[in-house]
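**Student:** Chains as they are written, first to last, in this note's numbering: chain A, 1 to 93; chain B, 1 to 93.
A few of these clues could be false.
One copy or any two copies: either way a pair holds, since identical chains are not told apart in the list.
List of simulated lysine to aspartate or glutamate pairs, EDC-like, C-alpha gap at most 20 angstroms [as the list claims (entries may be wrong)]: (1) Lys81 with Glu20; (2) Lys81 with Glu18; (3) Lys54 with Asp69; (4) Lys81 with Glu6; (5) Lys81 with Asp69; (6) Lys54 with Asp75; (7) Lys81 with Glu71; (8) Lys81 with Asp9; (9) Lys81 with Glu62; (10) Lys54 with Asp68; (11) Lys81 with Asp68.
Treat the hints as calculated values from the structure; they're not laboratory data.
Nothing here was measured: the structure is a model prediction, and the numbers come from that model.
2 protein chains.
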Amino acid sequence: MLNTNEYFDGNVKSIGFEAEGARSSVGVMLPGSYTFATAAPERMTVVKGAISVKLPGHVDWETYNAGDDFEVPGDASFDVKIAETTAYLCDYL
Amino acid sequence: MLNTNEYFDGNVKSIGFEAEGARSSVGVMLPGSYTFATAAPERMTVVKGAISVKLPGHVDWETYNAGDDFEVPGDASFDVKIAETTAYLCDYL
Numbered sequence: 001m002l003n004t005n006e007y008f009d010g011n012v013k014s015i016g017f018e019a020e021g022a023r024s025s026v027g028v029m030l031p032g033s034y035t036f037a038t039a040a041p042e043r044m045t046v047v048k049g050a051i052s053v054k055l056p057g058h059v060d061w062e063t064y065n066a067g068d069d070f071e072v073p074g075d076a077s078f079d080v081k082i083a084e085t086t087a088y089l090c091d092y093l
Numbered sequence: 001m002l003n004t005n006e007y008f009d010g011n012v013k014s015i016g017f018e019a020e021g022a023r024s025s026v027g028v029m030l031p032g033s034y035t036f037a038t039a040a041p042e043r044m045t046v047v048k049g050a051i052s053v054k055l056p057g058h059v060d061w062e063t064y065n066a067g068d069d070f071e072v073p074g075d076a077s078f079d080v081k082i083a084e085t086t087a088y089l090c091d092y093l
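If we strip away everything but chain A, and leave its shape as in the complex, we get (with noise of 0.2 angstroms):
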């Protein structure tokens, strides 16, 4: 089952399916400012174009370019700048 879903009034949308026994998602962020609620801890890797995220806890921020990863700790919320239209994997861990 492929599961689509849209936040932020559509600004992002995302496919969620299971693989190798767990949930995953792709999707796409339009340019913006998005603050994301994790429950299980998850992993987002940018698949095109450029993350700038400030995680739980830092006081800065970090971009992550195509190819990049980053870790988000579960029941928690961290902010997301997007410059350009930028595709991403989420594995939840």
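We have chain A already, so just place chain B on it with the hints.
**Tutor:** Below, chain B without anything else, positioned relative to chain A:
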């Protein structure tokens, strides 16, 4: 604008977007065999999982894993076999 599409009775879903002045999509394929038709030439990159493909004019199947890519000419069709649910990036060239 993010355009969600589905193909093959919802066994393949994708999100189309524009980035860096060109069109791309990310999508997910459930296990199965599919034949895709291209209008423009495109480059497919495996994001997670694996794609076995028989390219136009080829006799043999080749398998591409996460991080691998292959190009397909325009106005062509190609056959794909998916053994495990697979996420991909498609860049229209």
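**Student:** Now tell me, hint by hint, if it's right for this structure.
**Tutor:** So, going through the hints one by one against the coordinates:
1. Lys81 with Glu20: between (30 angstroms within a copy, 17 angstroms between copies)
2. Lys81 with Glu18: between (27 angstroms within a copy, 18 angstroms between copies)
3. Lys54 with Asp69: within (14 angstroms within a copy, 31 angstroms between copies)
4. Lys81 with Glu6: within (17 angstroms within a copy, 28 angstroms between copies)
5. Lys81 with Asp69: within (15 angstroms within a copy, 28 angstroms between copies)
6. Lys54 with Asp75: within (15 angstroms within a copy, 44 angstroms between copies)
7. Lys81 with Glu71: Classified as within; 16 angstroms inside a copy, 31 angstroms across copies.
8. Lys81 with Asp9: within (16 angstroms within a copy, 35 angstroms between copies)
9. Lys81 with Glu62: within (10 angstroms within a copy, 38 angstroms between copies)
10. Lys54 with Asp68: within (15 angstroms within a copy, 30 angstroms between copies)
11. Lys81 with Asp68: within (16 angstroms within a copy, 28 angstroms between copies)
Checked against the numbered hints listed earlier, the structure breaks none of them; every hint is satisfied.
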